[in-house]
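Protein chains: 2
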Amino acid sequence: MSRSLNFNAFGVDIHTGQTTIGVWAPSSKEVRVHVENGDVIDLKEAGFGFWSANTEKIKDGTLYKVALDQESALPDPASRFQPQGVHGYSQAIDLSKRNWSDQQWHNLALEDYLIYELHVGTFTSDGTFDGVVGKLDHLIELGVNAIEIMPVAQFPGERNWGYDGVFPFAVQASYGGPRALQRLVDACHRKGIAVILDVVYNHVGPEGNYLESYGPFFTDKYHTPWGKAINVDDAYCDGVRQFILENMRMWFRDFHIDALRLDAVHAIKDYGAKHILAAMREQLDELSAVSGKPYYLIGECDLNDVRYITPVNEGGYGLHAQWIDEFHHALRVTVGEPRNGYYADFEPLIHLAKSFRDGYVYDGTYSPHRKKTFGNKASEASGSQFVVFSQNHDQIGNRMLGERSSALYSEGLQKVMATAVLASPYIPMLFMGEEYGEKKPFLYFVSHTDEELAEAVRKGRRAEFKDFHGEEDAPDPMAVATYEQSKLNWSALDESNHREIFTFYKRLIQLRKKYEAWHRLDRKHINVEVCSDSGVLLL
Amino acid sequence: MSRSLNFNAFGVDIHTGQTTIGVWAPSSKEVRVHVENGDVIDLKEAGFGFWSANTEKIKDGTLYKVALDQESALPDPASRFQPQGVHGYSQAIDLSKRNWSDQQWHNLALEDYLIYELHVGTFTSDGTFDGVVGKLDHLIELGVNAIEIMPVAQFPGERNWGYDGVFPFAVQASYGGPRALQRLVDACHRKGIAVILDVVYNHVGPEGNYLESYGPFFTDKYHTPWGKAINVDDAYCDGVRQFILENMRMWFRDFHIDALRLDAVHAIKDYGAKHILAAMREQLDELSAVSGKPYYLIGECDLNDVRYITPVNEGGYGLHAQWIDEFHHALRVTVGEPRNGYYADFEPLIHLAKSFRDGYVYDGTYSPHRKKTFGNKASEASGSQFVVFSQNHDQIGNRMLGERSSALYSEGLQKVMATAVLASPYIPMLFMGEEYGEKKPFLYFVSHTDEELAEAVRKGRRAEFKDFHGEEDAPDPMAVATYEQSKLNWSALDESNHREIFTFYKRLIQLRKKYEAWHRLDRKHINVEVCSDSGVLLL
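These protein sequence lines map, in sequence, to chains F and G. The first sequence begins at 1 in this note's numbering and counts up one residue at a time. The second sequence begins at 540 in this note's numbering and counts up one residue at a time.
These aren't lab readings, by the way, just hints derived from the structure by calculation. Each hint should be verified, as a subset may be incorrect.
Ranges of calculated distance between the beta carbons of each label pair, as one might list FRET restraints [unchecked claim]:
no.	chain 1	residue 1	chain 2	residue 2	range
1	F	ALA344	G	ASP608	20 to 28 Å
2	G	GLU990	F	PRO338	35 to 43 Å
3	F	GLU484	G	PRO850	56 to 64 Å
4	G	GLU825	F	ASN313	22 to 30 Å
5	G	GLN822	F	ASN313	46 to 54 Å
Heads up, simulated DSS-like pairs for lysine-lysine below, C-alpha to C-alpha not over 27 Å straight-line [stated by the list, open to error]:
no.	chain 1	residue 1	chain 2	residue 2
6	G	LYS813	F	LYS274
7	F	LYS274	G	LYS1063
8	G	LYS674	F	LYS228
9	F	LYS487	F	LYS415
10	F	LYS274	G	LYS910
11	G	LYS813	F	LYS228
12	F	LYS221	G	LYS760
13	G	LYS1052	G	LYS674
Where is the CB? At the ideal position from N, CA and C, for every residue including glycine.
Produce the complete structure using the sequences and hints provided.
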């Protein structure tokens, strides 16, 4: 009895003239799809907890819900579109309809990536994918060649960083939905820009999580900062793993995404014989073989464990690259950040030099802040396996007042930080607005529609910063003003001091592209010297 | 600031003329040792939560307790001896005192091991290590060359399988204590028998767990069948890891143990950059380099993940070998075991053949009982990396009535099972009494002194088997009779039918030793064929 699971239909899949619908509901005895017009479709059990049907009652644009065991109908966990928000009808979308114009596009080598992280909602006044399209020429002038889009999976309301997404297959309606994302990627590719999408496989948001109604998507074997862990190694995990794998395939296949940035992979707890990340890498390589295009997986990882970026056949989990927050922390204390919280672990200059040399600062050494020995050596990893930055959405937005570097440091220090990142033997990443010294904050904002939850988030946020600023100061994450305040002020680019910073960034990027020593990510050819007396670090 | 932890003193360490005492108590502000005669010793902080003192007030045999922050004095978590039980005084023991006579002994190659698992308390009527010494000639006559001793860490009362141990450094007093274990190992070595000790690093027992009073030995990041997991990767884990590593070193260094059997390594959850098992292996190799003797780590592992037995430098955790329960399950259903519970996953003959060929039966295939795809391939692993058996303490004792194979199967089938194990390309293991078809059961027994706990265990045991046998049938685990019933009846060896089985086992072992095809653990040279119609499996 050696059965294996090969059923990948999640949600509605529209081919030419035919629609398949698939639902994973391993505990249900009956699964029905309720179309908005009153039609009902009975699904048949297809084994391993999967239910499916071929139907002509669902077409591109049809609104529907799913009813389990004659309970109230719910949105489809694999919905491709939630035009009415997280609690409303799911809408069938034929993702194959787009006439792509990016046939000439070929993904860049990972080591050539110059990344620009952006949040769709606050990048332009529109707050949409089409708004982003309007700014691509600015990015080309700047010289970056890859945008990294913060998560776009449907979240409650219209204002969210994206990490509260609850429909991993549905592109946020207020950003323009799936077709608008396809348009953006197509436009990027025509202009020679790669697209990285930030995706969250370690938790789902607190409002609109219908996954739990469908099956054991979660396990209490492990605790994460968001509660129960996503079930990738407990009973019934095959369905969850297929859900994740199919979601990954969808982005590359149907949206032409070039790379995924995987949120907090350290919180994906997998003690099975094949780690879900390794399974993802294997499937990615299969996709690459079919399309003939390289694709990449980049993890956010807070473990300093080289296993995550080691090839699968060498016992690793096979990520192409990972973020390295320690470079950021070391850089920040070097330019004067007070050594509180996790910054307490970092020494100016010395640790920055360490990160330039070795990637991980803590690589088998005792971390006083973590109260344990931490990390292992990444000396054999290539420079292209690490993404570095002097600020990102988290480092800015997790400050109570969301101050960017421009609000904290002199222009001189901003330039020092930019140089440290863009002259590093790693993949550099900027955060939107950084390139012209945007002064507006990037605050923490949400728009939960569940009042109780909204109040809990408000309170939590106030409590988090109480010791530092007193209760009254924390901006209300639920307020529209908090969101509006966080939108970029593009008119700043017309002012000479901002223009000067922009010119500096442009020039640095030109230098990085021009000189081999700047863009060859081979750390063995880099010599790092520290002169502590004068505060100078020589590369 | 790159500090590292190099302090390994746990408990009392007596050198010539000097005694060091070390206590890990990272939250305490004051640590004192109270000697039974009224002397008090102040310990000094030594960094990283360690406290220590050199003293002349503690000598070989001194009774003492430890007081934290002027609370009631407690036994030492690293006590070497608890002569008054788990709640009593700890006793200082100079483990270096023994005059060892095993200088000629050199550990066997792992592939030559023929293991005999025994439980000290029920192996002889004495129930002591000295009792075991008296039976070594029987084992030599049988032909095995390694004994595996079920856990001996001090547990509550005098009757326990050993998995409720709470003092990992203290050898069970009722078995004879540490000096008697040294005598046993010495005697084994003089007779050419290796000694494997079963140790438990995944949990401690429910009574007498003073570890929690001393420091964060546990973490709630993970759930295990025993509740909170041992903290090997959370804050303060360095102290816990050193505790485990020093415990491992003690067995090899001070007791001349040849190999450790690590209980349920799948329940040791470690997401740090160096898995505790890999750290153990590295330290073991250092010990080997110093002593010039090979030592082995053998894990009980229920994950079918070859990572556990892959070398550390290839991304593995470095165990030399692991138990393989699936061989047992496949063998049992082949001889007629009803396919209930986990046996439901196994098919007669076909799965036994699979295990002969590949080790793991589920190696990336869907397991209906576990409700998930399970395992990876172990095809590159050597046969000497797997320990197989047709019964062991768990498989027998976890039956309500503790029946051995001899109470369940005909003599013919017992011989078939013995042949399957002893002709396998793996390391064979017998369970005490199996070699002569002992008819007495091996029951589950405990002797907790905490009445509430004892009653809870009683109830739990009854509930576990209620569906099968009705409440009244489950033997009382607390009853002395349950323990006495489980003791081997050596006089059976005088009866001809038992003698015949014994002769059969002897002969099989002789054949295994004589023929290269039987003892060469190279699975690539073995051809396994199944003839399902006739129920024949050809090797």
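Practice prompt. Return holds or violated for the Cβ distance of F/ALA344 and G/ASP608 against the range 20 to 28 Å.
Written response: holds, 26 Å
Fill in: Holds or violated: F/LYS487 to F/LYS415, with C-alpha atoms at most 27 Å apart
Given that 27 Å is the threshold and the Cα spacing comes to 23 Å, the pair holds.
Worksheet item: Given the hint that G/LYS813 pairs with F/LYS274, does the C-alpha gap stay at or below 27 Å?
Response: holds, 18 Å
Discussion item. Checking one constraint from the list: CA of G/LYS674 to CA of F/LYS228, max 27 Å. Satisfied?
Written reply: At roughly 52 Å apart (the allowed maximum being 27 Å), F/LYS228 and G/LYS674 break the hint.
Worksheet item: Would the pair F/LYS274 and G/LYS910 pass a check requiring their Cα atoms to be no farther apart than 27 Å?
Response: Between F/LYS274 and G/LYS910 the Cα gap is close to 16 Å, so the pair holds against 27 Å.
Discussion item. So if I understand the rule, the pair passes when the alpha-carbon distance is 27 Å or less; does F/LYS274 with G/LYS1063 pass?
Written reply: Distance of about 25 Å is within 27 Å: holds.
Worksheet item: When you check the alpha-carbon spacing of F/LYS221 and G/LYS760, does it fall within 27 Å?
Response: holds, 9 Å
Item to complete: Could you say whether the range 46 to 54 Å given as a hint is met by the Cβ separation of G/GLN822 and F/ASN313?
Response: Hint violated: Cβ distance 28 Å, outside 46 to 54 Å.
Practice prompt. Could you tell me whether the CB distance from G/GLU825 to F/ASN313 stays inside 22 to 30 Å?
Written response: holds, 29 Å
Item to complete: Please test the hint of 56 to 64 Å on the beta carbon pair from F/GLU484 and G/PRO850.
Response: For G/PRO850 against F/GLU484, whose Cβ atoms are near 57 Å apart, the range 56 to 64 Å holds.
Discussion item. 35 to 43 Å was suggested as the range; check whether the CB atoms of G/GLU990 and F/PRO338 agree with it.
Written reply: At 56 Å between Cβs, range violated.
Worksheet item: Given the proposed pairing of G/LYS813 with F/LYS228, does the C-alpha separation stay at or below 27 Å?
Response: holds, 25 Å
Comparing the model with each numbered hint stated earlier shows that hints 2, 5 and 8 do not hold.
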